[in-house]
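Chains A and B, in that order, are what the protein sequence lines are.
Each residue of the first sequence is one higher than the one before, counting from 170 in the numbering used here.
Each residue of the second sequence is one higher than the one before, counting from 5 in the numbering used here.
Treat the hints as calculated values from the structure; they're not laboratory data.
Virtual Cβ for every residue (Gly too), placed ideally from N, Cα, C.
It cannot be assumed that every hint is accurate.
[To be verified] Computed Cβ-Cβ distance ranges for the label pairs, DEER-style:
| id | chain 1 | residue 1 | chain 2 | residue 2 | range |
| --- | --- | --- | --- | --- | --- |
| 1 | A | Lys384 | B | Asp20 | 35 to 45 Å |
| 2 | A | Tyr571 | B | Glu404 | 51 to 61 Å |
| 3 | A | Asp205 | B | Ile179 | 50 to 60 Å |
| 4 | A | Gly187 | B | Gln142 | 21 to 31 Å |
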Amino acid sequence: MSALPERPISMVIGALGGEGGGVLTTWVVRAAELCDFPTQSTSIPGVAQRTGATTYYVEIFPAPRDQLDGKLPVMALYAAPGNMDIVVTSELMEAGRMLENGMVTSDRTTLIASTHRVYSIIEKSAMGDGLFRGDKLDNAAQKLAKRAILFDIATLAEKEGTVLNAIILGVIAGSGELPIPVDNFTKSIRESGVAVESNIKGFEIGLAYMKGELKLPDAAPDKKIRAAKPSADSLIAEVASSYPGEALAIVTEGVKRLVDYQNPAYAKLYLDRLAGVLAIDRERGGERNNWSLTVETGRYLALMMSYEDIIRVADLKSRRSRFERIRTEVVAKAGEPVHMTEFLKPGFDEFTSIMPSWLGRPIMNWAMGNDWANNYNFAMRVRTHTIFGFVRVWGLSKLRFYRPKTYRFSQEQPAIEGWLEIVKDAAVRHYQLAVEIAELANLRKGYSDTHKRGLQNFARIMAEIAIPCSKAEKDPAWGAEAVTTLRAAALADPEGNALDKAFSSLDAAPTAAAAE
Amino acid sequence: MERSFAREVEMLRRGDGEHFEGEGILAITKALLQSGVSYVGGYQGAPVSHLMDVLTSDSKGLMSELGIHTEVCANEAAACAMLAASVNYPIRGAVTWKSTVGTNVASDALSNIASVGVIGGSLIVLGEDYGEGSSIIQERSHAFAMKCSVWLVDPRVNHPRIVDLVEKSFELSEISNTPVRMEFRIRACHVTGRFETKDNKKPRYSMNNKIPEPEYNLDRIALPPSTYLQEKMKIEQRFPAAIKFIKENGLNEFFDGDCEDVGIICQGGLYNSVVRGLQQIGLADPFGNSRIPIYCMNVTYPMVPEEVTGFCAGKRSVCIVEEGFPAYLEQALNAMLRKADLNTTIVGKDVFPMAGEYQSEVMMNGLAKFVEGAVPKGIDLGPIALVTKAVADNKELAAELLGSPIPKRPPGFCTGCPERPVFTALKLAQLDPEIGNMHISADIGCHTFSTLPPFNMGNTVTGYGLGLASSAGVKDSMARHTISIMGDGGFWHNGLSTGISGAVYNKHDNLLIIMANGYSSATGQQHLPSTTAGGIRPPDTVVPMENALKGVGVKWIKKQYTYQVSTMRDLIKEALTSSEKGLKVIIAEAECQIAKQRREKPRISKLLKSGKRVIRTRFGVDEDTCTGDHSCIRLSGCPSLSVKPNPDPLRKDPVASVLNSCVGCGLCGEVSDAAVLCPSFFQAEIVQNPNIMDRIAHKFRSAVIGMLQSKQEAAEIPAPQQDSTDDIRVAAE
């Protein structure tokens, strides 16, 4: 009889509740039992099952029972750091958790993980960008694991119409880390008797990947760059000739956006407004700062100039590309009609936003002082797949030509000019301060209450910090940092508590304007 | 029920010479049948729900063949009271519940039955829920065994051993006239394994063979003077009998080792972890042969003095591995050795953490510390230090390479959960200055997730069904409103009496919201008196909660479908501002989405296969109108309402995005309506197997709409990759 193994093979599966980690576990266990290996698995269901992170733990003693002459191994119920042979996670951040817990060691651990993200509620509910950056994770995995098998299994599963855990099973089988013949895995899938065909398909995809027979679909780029309207071409050429490296892309997009939003003349206005900023950026050695002043000002100027009014929303909602995007998004098969209901709830701001200013101003002035009007909203459910519903939206979108005469337009433009001037003033004194003030415009986003709140926060930070600092009444260097902190705080909670705190905890500004 | 146990039920029928394969909790279930129980009851809760589910639903047939009465009790007190059957009559019974929380509820009955004693074997199967993944307060149930003088079995995790100990526990119970509690940690309940089965034993007395005459015996009544006698019997008869039996039947186990100058004593449930810990530091082999002798206490109460002293005699140092706080075993051990005048050093909580679960790393480090301190003859300490250091170093390296800690992933309401909209409505109601922030007395159930992000609502959680009761003291001392939450599970568990009748009698004037999702959902969708199961349950067997409420004198009762957020919000305001005095109850009603999907999915796919017209509803967010402030997510937290990188080259913040897991519950639409969020949400109804009318309408509409859209085409052609990849990089930053 050959010498018995020194220890069981230990495998931990980190998954999210309801992701089929349990099924994956039973497949593996059954496959091992088919070899008559003593095998044990355990798990901790409970609250974690409800969308939280949970783990499953498997131990396989890689020697058939008949070779053990009656002896049976004592198996553990906990994954042990430093003791793991295979670590599987169904998601990137969970892989990070395993690394963090020391489950992955370079002497023996094979890490198998899908690199897609399932965002936690904490990441999702941030008012700005609260996403965990996994960029260090890959390097960490490569360094810490004996072998790291990392790829976006979820996207692959979706594309191939199968499930993630079946592909993972294939990867496990294909990795050769378990002394179990491939057939056992297929057998155990068939025995389990649920969705056998799609599971087998997934399993084989996993195998193929390990054999290197599978080319992964290239990840779609995060950013969707659209071709410009022909009418934008001359302006784009102008941008190409005048804007340096990093700024080029953003400003080009800005031009495209505003031609699409209004017309080439409006886009020209954008370039005229930005020209001054670029000039200062050149003087202040923008090169060194990757032209971030022009980039950020160009970005937010374009966004502020293309503010979302009813016309814009109607325009975007009535586009063909949107109808097509939705069909793919909701995975509607060819020939399956898709009925769309839009949830619109305009209030006085929205209505007046498209009124001529002579009419909109008085109404808005009245409305702002009036509780009822302040909270009044008119709920509309527009069924845009019907001709009547579509025409209502499409018709609104055609009001574009008249936008410059609207009340909202007359309100936005001075605000934009004002902000731009401050940015330029600041730029002369302190480059970073100017960039921060430019980015401050990000607070002006959202609709209805969110938008109102954003405007208030924006105005407050401008008045109390940005403006005085740009005029060197307060120390610009200090101001740059203050604005950064306050901007983050403004996005920390909707109630504005964090912002109040941040304001009160600002250390007093050194009044003497320190030269940069 | 959360899952079906058809396969397990088949295994419950297996007899002599056959094998059982499956989870620990089901092995215990089989052991009960092999022990000839005539009744089984309990209250569900992880990790013992499966025991209840399998006996009370899937195996009805087998139960009636054996004549076993099974019952889903109203609560743990009711379950424990069932053991009264074994007080007067020689019939075996088992009851089960969750951990200390269940025992707290059961204690009244437990004390009384423990005092009068039993003549039929009585077993309490206790599902421990301590440590990782636990959903309850962290306490030991050991203390209950000590204060009631009932025995506590803590078996080592090994199916054959567990089954044997279940059978032995019934004998122990009968010989010592004492109920036996058997605790299983959550991982032990879910651990898979196999054992050789025996035939199921038909109980002597049962539904099929009734007890001829009732027994009257004042000695079995918990009243003075009997109670004095009973207390004496505990000490003079039951204890000695138990200890004798435990010894003679070798319930505890001794594992020899060559380093006889030291030893390890552990709770049975921790044995596997101890062996693995020793194996990691090179002191044991995979088959459990340890160099250090181990005394495995499968019975942790009572301790057997002779066994303990016998094991410690001649050892310089002994380590007691005991999970949880206080260290009852360590204390008792020290006392025993002192009495026996043995000067063996006892090491315990000084090398192990005072509190918390003894997971692998804790176990290994604790054992290593013990060994390094005790310096057993013939053990080289060098390699041990290396092993523990390597693990620590690797963690440090990982932290360094990862840069920042990995964000937590708190659990939350499931996709489409009907309880989520209620908290959305509550959040919106509190935005009204007239209402403002309220003191919310939360309760136990899925709805406890309201206390986690994104809702962060609920000021206290004091126990199952106690939401309303826990508002009594605070409600009149708050400047603003006080409201209470209760689930239908909690309502039937004790909330109706503890909370509602009390509140009516004491003329409370606040609001109670009952989450009526139709099941005891958090424990696996077990049925309740008010469960309709989407109409499957015969209506005449259903007890509507409003009847019970009216019965105890509640006047203001409103039923509201949870998904209508605005209406719910207004109803909450109405209740809080109503001039009418007295308790107001809103029954927030909508079926648990898990249960609903489990029923609906097969039905739908059947319809689809047969070519029937089916409308699939789901929601979506327009990525180009979403400005990425995520207000919608803060009002929902639905797993299928997520975010994705902003596709707009100009914007940075991630946009909201609805995943394919969306079940179209409708909350997103309701929220964007009620909270006036943004115009980005849309509802999509996909008409599957469209009929001729659908197709004609679709063709016609597409034609007209397409014609109107055509002018916009120019702006919409995605640019070819090659000239835009650079843009992508920069724009994405």
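* So the hint says 35 to 45 Å: do the beta-carbon atoms of lysine 384/A and aspartate 20/B match that? -> violated (56 Å)
* To do: Can you let me know if the beta-carbon spacing of aspartate 205/A and isoleucine 179/B is within 50 to 60 Å?
  => violated (40 Å)
* To do: Hint says 21 to 31 Å; check whether the CB-CB distance for glycine 187/A and glutamine 142/B agrees.
  => The hinted range 21 to 31 Å holds for glycine 187/A and glutamine 142/B, with Cβ atoms some 26 Å apart.
* Holds or violated: 51 to 61 Å for the Cβ distance of tyrosine 571/A and glutamate 404/B? -> holds (60 Å)
When the structure is compared with the earlier hints, violations turn up for hints 1 and 3 and for no others.
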